[in-house]
Structures are given as structure tokens and as C-alpha cells.
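*Asks:* Spelled out, the chains give:
Protein chains: 2
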Amino acid sequence: MEAMADDTSPFGAARTLTLPGPLALDGGASLAPLDFAYETYGELNEDKSNAILICHALTLDQFVASAHPLTGKPGWWTRMVGEGKPIDPARHFVICINVLGSCMGSSGPASEAEDGQPYAMRFPVITIRDMVRAQAMLLDRLGIETLAAVIGGSMGGMQVLEWAACYPERVKSAIAIATAARHSAQNIAFHEVGRQAIMADPNWHGGDYYANGDAPTKGLAVARMAAHITYLSEEGLTEKFGRRLQARDSKSFGFDADFQIESYLRHQGISFVDRFDANSYLYITRAMDYFDLAEEHGGLLANAFAGTRTRFCMISFDSDWLYPTAEARIIVRALNAAGAEVSFVELSSPFGHDAFLLDVPELNATVDGFLRAGEGA
Amino acid sequence: MEAMADDTSPFGAARTLTLPGPLALDGGASLAPLDFAYETYGELNEDKSNAILICHALTLDQFVASAHPLTGKPGWWTRMVGEGKPIDPARHFVICINVLGSCMGSSGPASEAEDGQPYAMRFPVITIRDMVRAQAMLLDRLGIETLAAVIGGSMGGMQVLEWAACYPERVKSAIAIATAARHSAQNIAFHEVGRQAIMADPNWHGGDYYANGDAPTKGLAVARMAAHITYLSEEGLTEKFGRRLQARDSKSFGFDADFQIESYLRHQGISFVDRFDANSYLYITRAMDYFDLAEEHGGLLANAFAGTRTRFCMISFDSDWLYPTAEARIIVRALNAAGAEVSFVELSSPFGHDAFLLDVPELNATVDGFLRAGEGA
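These protein sequences, in sequence, are chains L and Y. First residue of the first sequence: 1, per full-length UniProt numbering; consecutive thereafter. First residue of the second sequence: 1, per full-length UniProt numbering; consecutive thereafter.
These aren't lab readings, by the way, just hints derived from the structure by calculation. Glycine is no exception: its CB is placed at the ideal position from the N, C-alpha and C atoms. Misleading hints may appear alongside valid ones.
[Stated by the list, open to error] Some chain Y residues flagged as far from chain L (calculated, every beta-carbon gap over 10 Å):
(1) Leu17
(2) Asp115
(3) Ser348
[As the list claims (entries may be wrong)] If you want the footprint, here are the derived chain L segments under chain Y, 3+ residues with CB under 8 Å:
(4) 86-93
(5) 145-155
(6) 195-204
(7) 235-241
(8) 244-257
(9) 342-348
[To be verified] A partial selection of chain Y residues facing chain L, derived with a Cβ cut-off under 8 Å:
(10) Leu23
(11) Leu31
(12) His68
(13) Ala185
(14) Glu192
(15) Val193
(16) Ala197
(17) Lys218
(18) Thr238
(19) Ala247
(20) Arg248
(21) Phe259
(22) Leu282
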């Protein structure tokens, strides 16, 4: 990307910045200093009116449209971000910041505390709002006052809603995809299984495993496998795998991965642990479980958006059973009650929750149209 | 129960029997001898025409209507079996046999092999059909040729279908509840997560933990937690738990069980390990994943029921997402194609898959009506 040409600029690939803080957290603690790792694509225009903030999901990161430094894989949203895509560095200044609590360069449980040791479980429990406030601090430092758009799917969509609620004057357009305004009992249940799987791994050691050779990779892999099922639809799984056997003609009558779905899940689990920190998984799932935008606003979701002038676009997928369309409708009703400008579309896709990351042409068309309408206004 | 009066009878509570076998298994191995643990209620009538076989689900057992010897809890189907219930020991001779591979007295991985040591993972991988063939061997020994009915929910329903397919002449009526004729990719995926959780527990030791003090209880608890989510509906969870906090007024900003759903799941996991063997969990989930009744009959499910004179009753629940109504319809269509007599009803219940164990009056009414119609015929 062009912005990489000047390595002394705060804009470009693999940028990091440390701010003194402190950041007052919802849980009562405060955090200082704060490390940020982020990627930018494109150039901030003269009047700083073309910035788009992309908020990433639970296990994703700032590498939206650049190769992941650990896996070497291309960015996770090259379908949405790039030349001729709805979010185009030729037109937009794009920024994505590794969320607070994560493990790709921003402050998280693996970061050094004051005593020079990793925080581990001494890292304070954070919320989606804390993540957003931290992002706002970084944007302040970068001189970005207003965002043409904030966009994200899943936990990214929660941050979008939180941005619109916390900083309505800074968000011109908000695009929340495959998300919810609060975690349901079933959502919490799946996360709790993942956390218990990690904590059951004796290598977890109460979170103090960084100095050891062994991280709780087995527990983390199980957590990832359980979560991964929720990212896919039953129909999608049936279509992709069905009961097909993996590299064999008949059942082994043993406990190998006989079925393709077993082999796929094991691969998802094993490959995940190479790029993600188990403690970060605990902290970020906790932040999602704690998320309840209505609760933060006196129990009424519409209050979160009172008087807003932000344009909203809500997108759900018909096969997403993690954050089903019913959750999007709750948000849309609250936005309507608040008198907000809101577009809402349920898209059809066989991919389940993961649809926001996959090839769904209508998703691109929707985002493109919504962004262009905002730019023309 | 009356039948307990004569402890030398093969009928009554806490009965066990060992048969010499061998039982030829679908996987090619054979098993000998075979231990059976079972419960009976009521008396076999003169012409042996009133026997009802109840087939139990994955983690359940033969204690249908008698207290569980380990937990002291009442039988798991006292809503269905008892005085004035659809299955009534005053009218029926009721038998439930602990399935092959389980851990409540029938042969399973915890049983002694020829060398006097527990089989552990040397126990052969079994199928639902193997379980049913074993049950038939025991019924032969008990002199029960014909069953007035075979009934069961979930994995019990799979056995019901298998009974009707293997021994059509022995089954007068078959009642399969909340079940499927084959495991879907998503079903297999959830089981695989559970197995991986068990195998990730270092106390599992490749299955050889019986002589150690420590069983893989943490892994088994995680497996149970993941499975338990699939037994409940999203609506049911929301109604029962929502986002309510557990014994506190506000979030702890920590990793305790803040939410009631977390506390509930942890309890489900912890209490399960006191009554179930981890290796049995591996073997029985494997049997369920392998289950594909159509595959056993040349790929056409209707072939499984060709020429049958068994009366069938299929029952599904609208909130069951583990074995949804669509799976029941597949079976009903196959039964119709085979010219079988079949009643089918989808019942409404908020409880999800677990509805077959819970208070659903229409379930009792359906089973009662179906059984009485068969008895009147």
C-alpha cells in the first residue's frame, strides 16, 4: 500500500503507538500506558472527512487487507476492502486497531505490567465500551475527529453500536453486521464452555503460562472448536461436509477423525492456537458476555441512540443462529424509537454467522450503496 | 415395586445377567462375555404380550422409574412410567437395559477384559445396531419374544428405529421421540468437541485412568457443558436464565460465574462426572455419530422398513434444534414409502431437545393414545 512508503508516518502497515493513558475502565480499574497496534490503508484527505474505522471480531485483528504476520494469510476482509471494493483505499482512509485485550500488539493480558512481568490474569476485565474508548483515544492522537463510517461484524458490530452510542458526534455512518445489542444466555453459554475448556487445561496455570514452554493450547483448541460450530449454519455444514468420510472409504471403528467435519474442526482448533493467546480469549469473550447496550442506558436500548444524527445500516444473515435476525430487529426498533435514520436488510446466505467474512455479493452491494449515499450527502 | 419381592427372579430392580456371547459387532470384532444390567417394572403376563422395552439416551441408564444408585435421584422417566401413566406397571411389563458401552453395569470400557484389567480403549467401537442386538440377546434369554412396544427418545429413538429395522417381527409398536435416522455434520461436530475435551485432559491417559486416582473429570465436564447447550432451546434458555446474575447485584468484572447460565452449566458439568465414565462417553457418542440407518440399508431409508407390520409413532418438538422436526419428517417419509402404518406429531414445547424428559402433557397423551390403540387392536 502507498502509505507504507513513509515509515515515520503514523499511518501505514504495522503501526504501533503507546499512549500514556490512563484509561478509566467500566470495571473501576484504570489502564496505563496503552499500547496500540493498527493498520491503515489509503490517505487521510485534506479535511479529514474520509476516515473509516473497521472494528474487528473476537479472534480477528488489524490485518484487514494485509498479510497476517504469523500465518502469512491474506487479510481477513479483502472481499470488502481494496481497489474497487466498497471500502477503497483510493477513496477512503481505512484504519483497523487491534482491540484492547487482544494479542496482536495492543495492550492485553500478555502485555508487560509495571513489574515487567506479563499481566496474565492481573489484566483488568474490560468491556466493549472500554475497547471503544481506547480506540477513540488513539484516533484523538492521530488527529481524526470524525469518522465517515464505523463498520464491523460480530463483536465488530458491537463496537460499531457502542461507537454510535458513546461518540454520536464523531460517527457519520455506522454499519453493524451480524451482531446483537446484548449477549443472550445461549451466547454466554457457548463462551463459558470455551473458558472452562481453557481453564481446565493444566497448562493454563491460573493464566501464568507465558514463561513456561507450554501454553494451554489443548484447552484453547477445544474452545475454538466449540465456538466454530456456532459460526456455521447447520445447512452450510451439511452442504460442505454432510457425513462424508475423510480420506478413507469406510469407517475406521476407532477414534480418528473419520468424518470430514471432525478433521475440519480439529484443524480449526490446532491452527488457531498458533495465532491466539488463551488469556486474550478469556478476556474478550468476557467483554462480549458483559455487553448489554440497553443496560448501559437505563435499561432502554433506544436511550443509547437518543438524538443521534448518525446514519445506521443494520445487516443480518438468515442462516446466522449466533446473532439471528431477531437480534438485529431489536436494534432497528430501538433506532426507530430514537428517531434515527436506519437502513436494515436481512441477507440470504448459506454460511451462517461467518457470512460477513465470506462471498456474499449482496453484502458488498449493500455496504457500497450505503457508503456512497453518505458520501453524496 | 412388586417384582422386587422375589430376588431370585430375573425380573425386578437392580437385575444383572451375564451371557456367554459372543456378539458379533458391526466393526468386525466380537464381544464375550456380555454383562447386562437392567430394571423391570410390572409383571410379564401369561402370553408374554405386554412387554415394553424402553431404550435410554446417551447419558441416561436403566433407572427409568427407580432411584439412581449413585445420585439418589428418582428415575429419569417417572413422568411417563408409573401408576396411571402411559406406561403403567399395572398393565405393562416394562424393561430398560443399560446400553452396551455404558457404565451402569452393562459391558463397557470400564468392564474387565479377559486379562482382568479394564478394557479402557481396548473395548471395541460399537454401533447403535450392536446395542440393539445385545438387547435382543438378553430378551431371548428372558424368554421375551415379542415386544408390545419399543419406546425411547434421542439415542433411545435411534435404538427404536434400529429395533424395528432389525427385528420387525418382534416389535408390535415403535415410538421414536426427538430423534433422527442419522447424525448430521453439526451433531457429529458437537460430539467431536466433547471427545476432544476429554482426550485433551491429561488425566485421560489414553483411556487408562481406572487404576489412577484421577479420572479426566475436567474434560468430561466440559464435554457435558457443550452438549447440554444443545439439549436446550435458545428461547428456553432466555426464559429460564436470560442475562440474570447469579447471587449478586452487579457484575464482578472477573471470571466467576456471574451469570445464572454460567453457574447452571458448571453445575451440569460437575455433577455429571460423579455418575458417568469418560470412556463410555467416547464410545457412545461414537456409536451415535456412526448411526446412519439408510446407509445400513443400501442408502435408502425406506429399505430399512420394507414389508414391516410394526405400527410407528414419530414425535418431534418444535424447539428441538438437535434433532429438529425435519429429521422426523425424513423418517416419516421413508415409513410412508415403505407402506408402514405411522402416526406423526410435532409437539410444541419451550424446552428444546430435553422436552422428551420434561413436563409436556401432549407427549403423555400421544404415547398413551398410541399404546392403547395398539392394545385394543
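*Asks:* At a threshold of 8 Å, is the proposed contact between lysine 218 of chain Y and chain L supported by beta-carbon distances?
*Replies:* 4 Å, holds
*Asks:* Count the residues of the region 145-155 of chain L whose CB lies closer than 8 Å to any CB of chain Y, then report whether that count reaches three.
*Replies:* violated (count 0)
*Asks:* Have a go at the valine 193 of chain Y hint: is there a Cβ in chain L nearer than 8 Å to its own Cβ?
*Replies:* 5 Å, holds
*Asks:* If you look at each residue in the region 195-204 of chain L, do at least three have a Cβ nearer than 8 Å to any Cβ of chain Y?
*Replies:* holds (count 7)
*Asks:* Verify this for me: three or more residues of the region 86-93 of chain L with a beta carbon less than 8 Å from a beta carbon of chain Y.
*Replies:* Violated - the region 86-93 of chain L has 0 residues with a Cβ nearer than 8 Å to chain Y, which falls short of three.
*Asks:* So is aspartate 115 of chain Y really clear of chain L, every C-beta pair being over 10 Å apart?
*Replies:* 21 Å, holds
*Asks:* Closer than 8 Å between Cβ atoms is the bar; does threonine 238 of chain Y clear it against chain L? Give me holds or violated.
*Replies:* 5 Å, holds
*Asks:* Closer than 8 Å between Cβ atoms is the bar; does leucine 23 of chain Y clear it against chain L? Give me holds or violated.
*Replies:* Violated, because the Cβ-Cβ distance from leucine 23 of chain Y to chain L comes to roughly 15 Å (cut-off 8 Å).
*Asks:* Can the hint on arginine 248 of chain Y be confirmed by a CB-to-CB distance to chain L that is less than 8 Å?
*Replies:* 13 Å, violated
*Asks:* Is the hint on alanine 197 of chain Y kept, meaning its closest Cβ partner in chain L is under 8 Å away?
*Replies:* Holds. Min distance 5 Å.
*Asks:* A closest beta-carbon separation below 8 Å is what the hint needs, so does histidine 68 of chain Y meet it against chain L?
*Replies:* Violated, because the Cβ-Cβ distance from histidine 68 of chain Y to chain L comes to roughly 25 Å (cut-off 8 Å).
*Asks:* Taking the least C-beta to C-beta distance, is phenylalanine 259 of chain Y closer than 8 Å to chain L?
*Replies:* 5 Å, holds
Checked against the numbered hints listed earlier, the structure breaks hints 4, 5, 9, 10, 11, 12, 19 and 20; every other hint is satisfied.
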